[in-house]
Structures are given as structure tokens and as C-alpha cells.
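Novice: Listed below are the residues making up each chain.
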Amino acid sequence: GENVEQHPSTLSVQEGDSAVIKCTYSDSASNYFPWYKQELGKGPQLIIDIRSNVGEKKDQRIAVTLNKTAKHFSLHITETQPEDSAVYFCAARGAGSYQLTFGKGTKLSVIP
Amino acid sequence: DARVTQTPRHKVTEMGQEVTMRCQPILGHNTVFWYRQTMMQGLELLAYFRNRAPLDDSGMPKDRFSAEMPDATLATLKIQPSEPRDSAVYFCVEDSANYGYTFGSGTRLTVV
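Protein chains in written order, with the working numbering: chain A, 309 to 420; chain B, 186 to 297.
Among the hints, a few may not be true.
Just the calculated beta-carbon pair ranges, DEER-fashion [said to hold, decoys possible]:
{"#": "1", "chain 1": "B", "residue 1": "N283", "chain 2": "A", "residue 2": "V362", "range": "15 to 25 Å"}
{"#": "2", "chain 1": "A", "residue 1": "L354", "chain 2": "B", "residue 2": "M225", "range": "16 to 26 Å"}
{"#": "3", "chain 1": "A", "residue 1": "Q389", "chain 2": "B", "residue 2": "E203", "range": "24 to 34 Å"}
{"#": "4", "chain 1": "B", "residue 1": "D248", "chain 2": "A", "residue 2": "V362", "range": "40 to 50 Å"}
{"#": "5", "chain 1": "A", "residue 1": "D367", "chain 2": "B", "residue 2": "G201", "range": "41 to 51 Å"}
{"#": "6", "chain 1": "B", "residue 1": "Q202", "chain 2": "A", "residue 2": "E347", "range": "45 to 55 Å"}
{"#": "7", "chain 1": "B", "residue 1": "E203", "chain 2": "A", "residue 2": "D325", "range": "42 to 52 Å"}
Pulled a few chain A residues facing chain B out of the computed Cβ check, cut under 10 Å [claimed, not checked]:
{"#": "8", "residue": "N339"}
{"#": "9", "residue": "P342"}
{"#": "10", "residue": "K376"}
{"#": "11", "residue": "A399"}
{"#": "12", "residue": "R401"}
{"#": "13", "residue": "Y406"}
The hints are simulated quantities; they were obtained by calculation from the structure and are not laboratory data.
Just so you know, even glycine gets a beta-carbon here, dropped at the ideal spot from N, CA and C.
Produce the entire structure from the sequences given, and follow the hints as far as they go.
Specialist: What follows is the structure, encoded as C-alpha cells:
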């Protein structure tokens with residue numbers, strides 16, 4: 309089955325700086341890669357996703373890049389704000405599969 | 186605002202007791218998953234249904250866990266008998282064409 313590795317497990321940045329979280333996946337046929345943000349006491353919320361036919365996607369301060377050859381994808385948050393502090397999860401869905409396989413999460417702390 | 190509703194939000198029970206968690210999907214006629222979240226294991230898939238039919242429950246301990254979807258508006262996850270190692274946050278997730286993979290707020294289960 310699919311295996312997703314996520315790094316780093318914790319990340320601290322100064323407000324206004326950029327944050328980058330990286331994930332690798334094992335199934336070369338995986339075709340869908342969402343990112344989730346989980347705040348304390350809440351369920352993960354989808355913040356951005358990318359499909360295998362696209363190399364990059366951007367939504368305001370958030371962007372995701374996908375390198376299919378290397379089987380890795382990354383989340384980029386620019387101009388970080390304190391409200392960006394949360395746990396972020398990457399996930400991958402294998403071709404012909406319904407379920408998502410999640411990374412172990414990155415706890416992002418934005419220091420004012 | 187799309188929302189998957191889970192009840193109860195919190196449950197504390199004694200070892201050996203039966204626990205029932207409920208989920209009301211947004212639409213119902215899609216794929217509905219049960220995931221478990223712990224600090225050690227992260228987000229683990231327990232079971233899922235597509236159009237109410239069970240497709241995969243290989244992630245569940247079969248001797249104590251059962252998942253059902255008696256109708257399109259209700260999915261249940263039961264644990265009988267519960268054990269301390271079952272303490273976790275249980276999420277219901279629905280995958281729909283309009284909203285993607287949407288998490289419920291979760292049920293935090295503590296077995297003492």
C-alpha cells in the first residue's frame with residue numbers, strides 16, 4: 309500500500325517568514341495530494357490540494373508543488389501569521405483507491 | 186458550510202463497556218471513512234463505505250470493532266468491549282464530488 313513520509317515533525321518560524329513542509333510517497337501511481345490544517349480540538353480542514361497532472365498550485369499565501377519523478381510534494385506558506393500555527397498533514401491517494409494515506413503531521417509554530 | 190456531524194464529541198467510559206460513535210455525512214451517497222488519530226500512530230484508516238456498502242474494514246480489530254451504515258444519513262462505529270488502548274480521537278470523513286474529503290469534528294474517546 310501507499311506510504312507517506314512527512315518532514316519536519318516540528319517547525320518554528322518568525323512571523324512574516326516562509327514555512328516549507330515536505331512529503332514523500334511510495335506509490336508512483338498516486339494521483340491526488342491534499343494538505344490539511346488541524347487546529348487544537350478540531351478535525352483537519354482541507355487547505356489546498358493538487359492532482360498528478362499539475363506541477364504547482366497556489367492560493368494566496370499557500371502553494372503546493374509536486375515532483376512526480378522524485379515522488380515528493382511540498383507545502384509552502386509565505387508571510388506567515390500567528391494564526392497559521394497548527395498541525396499540518398499531507399496525504400496521498402493511490403490510483404484506483406478511495407482512501408487517503410496521511411503523513412504523521414508537522415506542528416508549525418509562528419512566533420510573533 | 187459543508188459539515189460532517191459526529192456525536193458524541195467526548196466520551197469517557199470504563200474498560201469493558203460498549204461505545205457507539207455516530208456520524209451524519211453531508212450527502213450520504215458518497216464514500217464515508219472512519220479514521221482514528223493517536224499521537225503515536227497518527228491518522229489510521231479503520232473502515233470505509235461507498236454508497237453505504239462496506240468496502241474495506243481491514244484496519245479494524247475485528248473481534249471488538251464494527252462499522253455500519255444503516256442508511257445514507259448515518260454511519261456508526263461500535264467498540265465492544267472497549268479497552269484503554271482504544272483511547273483516541275475517531276474521525277468520520279466523507280469524500281464527495283463537491284467538497285472533497287471533509288472531516289467531522291471527531292469523537293474523543295477515553296477508556297479508563
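Novice: List in ascending order the numbers of the hints, as given earlier, that are violated by the structure.
Specialist: 3, 6, 8, 10
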